[in-house]
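Chemist: Assemble the complex: chain S is given as a structure, and chain E must be docked to it using the hints.
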Amino acid sequence: MSAATPIPTIAEAAAAIAARRLSPVELTEACLGRVERLDGTLHAFIHLDAEGARAAARAAETRIARDGPRGPLDGIPFAHKDIYGTAGLPTTGHSRVLQGSVPREDATTVRNLAEAGIVMLGKLATHEFALGGPSFDLPWPPARNPWNPEHFTGGSSSGTGAAVAAGLVLGGTGSDTAGSIRLPASLCGIAGIKPTYGRCSRAGVLPLSQSLDHTGPMAWTVEDCAILLQAMAGYDPVDPASADRPVPDFRAGLGQGVRGLRIGLVRHFHERDHPVDAATLVGIEGAADFFRREGAEVREVTLPGLDAFNACAWVIMLAEAFSIHEAVMRREPDQFGAILRDRLALGGLLTAADYLAAQKTRRALIAATEAATAEVDLLLTAAQPGEAARIDAVSPWAFLDKPNFTTPFNVTGWPALSVCAGFGAGGLPLALQLVGKPFAEPMLLRAGHAYETAHGWRARRPALLG
Amino acid sequence: MSQTISEEAFAALVARAGMPLTPAQCAALQDVWPRFAEMLRQIRGAAPATMEATLEGMLAEPATTFAAEEGR
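Taken in order, these protein sequences are the chains called S and E. So in this note's numbering, spot 328 of the first sequence is number 328, and the numbers just go up one at a time. Heads up, this note's numbering is the position in the second sequence plus 466, with the first residue counted as 1.
Be aware that a few hints might be false.
Claimed, not checked - Covered, in the sense of this in silico footprint (three residues per stretch, anywhere, with C-beta under 8 Å from a C-beta of chain E), are these stretches of chain S:
hint: 1; region: 304-317
hint: 2; region: 349-361
To be verified - Derived CB-CB ranges, DEER-like:
hint: 3; chain 1: E; residue 1: ALA533; chain 2: S; residue 2: ARG70; range: 47 to 55 Å
hint: 4; chain 1: S; residue 1: GLY100; chain 2: E; residue 2: GLU522; range: 35 to 43 Å
hint: 5; chain 1: S; residue 1: ALA463; chain 2: E; residue 2: PHE532; range: 47 to 55 Å
hint: 6; chain 1: S; residue 1: GLU297; chain 2: E; residue 2: GLY511; range: 30 to 38 Å
hint: 7; chain 1: E; residue 1: PRO528; chain 2: S; residue 2: ALA454; range: 38 to 46 Å
hint: 8; chain 1: S; residue 1: ASP137; chain 2: E; residue 2: SER472; range: 26 to 34 Å
hint: 9; chain 1: S; residue 1: GLY255; chain 2: E; residue 2: PRO500; range: 34 to 42 Å
hint: 10; chain 1: S; residue 1: ALA55; chain 2: E; residue 2: ARG501; range: 33 to 41 Å
hint: 11; chain 1: E; residue 1: PRO500; chain 2: S; residue 2: ASP334; range: 18 to 26 Å
hint: 12; chain 1: S; residue 1: ARG21; chain 2: E; residue 2: PRO528; range: 53 to 61 Å
hint: 13; chain 1: E; residue 1: GLY511; chain 2: S; residue 2: GLY260; range: 34 to 42 Å
hint: 14; chain 1: E; residue 1: PRO500; chain 2: S; residue 2: ALA463; range: 42 to 50 Å
hint: 15; chain 1: E; residue 1: GLY511; chain 2: S; residue 2: ARG299; range: 23 to 31 Å
hint: 16; chain 1: E; residue 1: PRO528; chain 2: S; residue 2: PRO141; range: 37 to 45 Å
Hints were generated in silico from the structure; no laboratory data involved. Beta carbons are placed, not taken as given, at the ideal position from N, Cα and C, and that holds for glycine.
Looking at chain S on its own, in the form it has when it is part of the complex (with noise of 0.2 Å):
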């Protein structure tokens, strides 16, 4: 296999490495192919361990050869955001502060994802502590997005997006503390999942906010995340928010289609509260119009404004992430990057009221999502208004001029996954956003899969790619 033959998805590959038509060596070889020719480009990479990549896939080859695979995971090419410690490899938050940092311990999802088999091949970038990007006075690049370089990849996960979108690897994790996971997963075109709070483990990942982070997977398919949260999910005893629950099958559901579920349309998030571009609008229409067609009732929904979650999101965050961060912001500021200095400073001009009062208004909001939403199963909005900006265009204060349509669902904890929902004017990808009941992820995965088969989008690649 070289660089260049087609990408398999988690899936694909799995299969034929079990049927022993695929090397798991051979596999990665052509990952790290990609990574020397295209990640002069993307920087999608902070840390790449090509040689200890080499090593595991070796490992994997042999024990395969003789034990079959532990799982779907087994031999297949991976990487984590630079957030999530690992264990003799260094992890810096993408930032200056924390550079040649390099943990003892891996991160209990890292842990996981490793016991799963999987070749891990680096340090993915990432907004400077999940926060502060993109930005271009820190040691490593920005990420760039593989559908157009002078493009943005959206963020925090922004090295994770490029990456798997490229093909420099299989899946990656991210993080997801006000749309993470799904906001670059939505602008390089590939699917992410932000499971239910409490889900996966956040014991040995670098926090930004320590009552909105999430961890989980972000994919070329839905199906890839099915599998990478299947290893990721689970009660850990090490984490304070860690939910006891027992981890179902994610992938029982898929394909059994979405007759009988019932869909609330959330129609004034993208359309009133923050107007999403034409061909946005058509993808999201096109897909109620799929799950009326393929048996599921869609119905419109009205929940709290988009603002008033994106209020309560970012007060909340800032003043957690200037806890995490007071020690470096009262003694050199100057250490972290223009943006995330920024930021982290307005969390430190609020009061203690202040962040209660977010937090009280944070029970109310989650109070009236759920009483909105009794009659529905599943609630399908918009994940980004349109495709990426530029690079050199995206302002850092953003946040405060428009809602995000991924915040509300930090807020509340529920899972939520962002789908590839085709290609816009600059040729770019556009997303939808589907929002589950908490710890219903199988339902949320079978409905994302549904349509993401029933419409041609995986069969395009970046150009890039050649």
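Modeler: Positioned in the frame of chain S, the structure of chain E alone reads:
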């Protein structure tokens, strides 16, 4: 919560936080402050009210509460 703020009042907020920002950095943040203060106004104005001495406001629990179960 006032959405505009004097230079002196803003400098006092920065000083209370203990951040050694330059005058230029403070000025840039002060420019942004009214938009962030609008978020604070929304939070303070949202139900359950926190700026009025109402029974509902006093009884409102924050979303993060302590749990006494072992290990939580």
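Chemist: Against this structure, judge whether each hint is valid.
Modeler: Evaluated hints:
1. 304-317: Our answer is that it holds, as 7 residues pass the Cβ test (under 8 Å) against chain E, meeting three.
2. 349-361: Holds: 10 residues of the region 349-361 of chain S have a Cβ under 8 Å from chain E.
3. E:ALA533 with S:ARG70: 47 to 55 Å: violated (36 Å)
4. S:GLY100 with E:GLU522: 35 to 43 Å: For S:GLY100 and E:GLU522 the Cβ distance comes to about 52 Å; the hint is violated.
5. S:ALA463 with E:PHE532: 47 to 55 Å: holds (53 Å)
6. S:GLU297 with E:GLY511: 30 to 38 Å: At roughly 35 Å between Cβ atoms, E:GLY511 and S:GLU297 fall inside 30 to 38 Å, so the hint holds.
7. E:PRO528 with S:ALA454: 38 to 46 Å: holds (43 Å)
8. S:ASP137 with E:SER472: 26 to 34 Å: Since S:ASP137 and E:SER472 have Cβ atoms about 30 Å apart, the given range 26 to 34 Å holds.
9. S:GLY255 with E:PRO500: 34 to 42 Å: Roughly 52 Å apart at Cβ, these two residues miss the hinted range, so it is violated.
10. S:ALA55 with E:ARG501: 33 to 41 Å: This hint is violated: roughly 51 Å between Cβ atoms.
11. E:PRO500 with S:ASP334: 18 to 26 Å: Taking Cβ atoms as reference, E:PRO500 and S:ASP334 lie about 25 Å apart, which means the hint holds.
12. S:ARG21 with E:PRO528: 53 to 61 Å: holds (55 Å)
13. E:GLY511 with S:GLY260: 34 to 42 Å: With Cβ atoms ~41 Å apart, the hint holds.
14. E:PRO500 with S:ALA463: 42 to 50 Å: holds (43 Å)
15. E:GLY511 with S:ARG299: 23 to 31 Å: holds (30 Å)
16. E:PRO528 with S:PRO141: 37 to 45 Å: holds (40 Å)
When each numbered hint is compared with the structure, violations occur for hints 3, 4, 9 and 10.
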